[in-house]
Amino acid sequence: MIRMKKIINLKNNRFKILAVCFWFLLWEVGSRVVDQEILLASPTEVLLTLLELCREIDFWVTIFFSSKRIVTGFLLALCIGTFWAVLSYKSRLVYELVTPFIKVVKATPVASFIILALIWISSKNLSVLISFFMVVPVIFSNVLQGLNATDEKLLQMAKVYRLNNLKKIKAIYIPSILPYLISAVSVGMGLGFKAGIAAEVIGIPANSIGQRMYEAKLYLMTKELFAWSLVIILISILFEKAILIIIHTLYKEHIQKLRELNRK
Amino acid sequence: MDIRLHHINKQFDEKQVLKDVNMTIVEGDIYCIMGASGAGKTTLVNILMGIIKQDAGEITGMNKRKIAAVFQEDRLIEHWDAVKNILLVCNKSMDESKVKDALEEVGLKDHLKKPVMDLSGGMRRRVAVVRALMADSELIIMDEPFKGLDEALKQQMIQYVKKRTKGKTVILITHDKEEALGLNAKIISILS
Ligand SMILES: Nc1ncnc2c1ncn2[C@@H]1O[C@H](COP(=O)(O)OP(=O)(O)O)[C@@H](O)[C@H]1O
Ligand SMILES: [Mg+2]
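Chain order of the listed sequences is A and B.
Just so you know, the numbering used here puts the end of the first sequence at 264, numbered straight through with nothing missing.
Just so you know, the numbering used here puts the end of the second sequence at 1192, numbered straight through with nothing missing.
Just so you know, these hints were derived from the structure itself, not from any lab.
These numbers come from a predicted model, not from an experiment.
Heads up, some of the hints might be wrong.
Claimed, not checked - Sample of chain A residues at the chain B side, in silico, Cβ under 7 Å:
1) 153
2) 155
3) 156
4) 171
5) 255
6) 258
7) 261
C-beta: ideal position from N, C-alpha, C; glycine also.
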């Protein structure tokens, strides 16, 4: 059985790699057909541009500037979203109070937020706020969903055995929240980066990725534009994985076993 | 202090499950609640444990009583191993080695560290029983604790329960007269 699984995995991976190759090839062919670097840069050129960028110190400073702010916004959203979800689970009043706020934030276009926020705060720290606002509804909804999915029968068991809150959290609540939290982190980090960079493109704070992209657009440096987009994708995946790894190391036993449990 | 149930009534939707139930549970005795399937045995002990509320009637003598329970379903933390499941309900002073000894005594020596979701139904039942017996308690309630065990194991578990519940008040639901006899229990019949 285990060998079977491995073979299937290998096959799956092979398909994945083939699929990625296919799209790259299509991109390469497309760029040759269009034959205008300004409209569509070829993947090889984009990669070369990226390698060149990597050699600048400014490149790394820029990445640090933007990531620091966007990840800060994300982490704030993680803490505050979880906190609100717990309070909302405990109290109907808080739930009713927080829900309209979350709904409005969810429904408002990112652009409105960015422009509004520019009136309130400096463009330098705009991306912290924007990434926070984009991520907080995701964290809130998912954690609340996880809390609502706790097994009522286990909670009754805890009550009969007079388990204290710490034990209840460890044995019942955290395992129930974890799968939801993990998907919230995956979705949220991507959202945070997309919205955060959008904020930078509009606010144009110095030394930010957004500023670099804005300039690339201004001077029709399409290769750079593509390269920076690639960078954003890569760092957002990097931070997503980093946070998932932290969660996995904290709750290793839970996660492996919970996965099997959900499969059953 | 004895536990007294006075005129307990409970209905689900239109169905009257418990009708004017009265009983006295004397401190330190073992009781078997017997009755047909669907008679309301589980409902009765759930009311006693405070998991559900009766429609009418009164229970006295349950205040601040430390309860341990084997529920109709196992209600274990599925992805935790047996030892962890049991330590969860024990006082801080409980030794892990004592828990392991208890599990070995009921034939789970080779399954101490496996997540209980990987154990068979009968093994999980035994974990649930050991959990109830290791917890600090004055009253032990067991809802068909030997469900899914073969005859030999059942006899072994009856002896084990008997030994571990000395001096405690026990309420045990069963279909099986032999279990009641084996435990020297007083029998309470519930009519449907
Ligand atoms: N939560 C519930 N909602 C509706 N009906 C219920 C519920 N719990 C039990 N019942 C009904 O009450 C009756 C008694 O159930 P139960 O106490 O589980 O019986 P027993 O444990 O003696 O087999 C059954 O007919 C069952 O269908
Ligand atoms: Mg029952």
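Hint-by-hint comparison with the structure:
{"no.": "1", "hint": "153", "verdict": "holds, 5 Å"}
{"no.": "2", "hint": "155", "verdict": "violated, 10 Å"}
{"no.": "3", "hint": "156", "verdict": "holds, 5 Å"}
{"no.": "4", "hint": "171", "verdict": "holds, 5 Å"}
{"no.": "5", "hint": "255", "verdict": "violated, 9 Å"}
{"no.": "6", "hint": "258", "verdict": "holds, 6 Å"}
{"no.": "7", "hint": "261", "verdict": "holds, 6 Å"}
Taken one by one, the earlier hints fail for this structure at numbers 2, 5, listed in ascending order.
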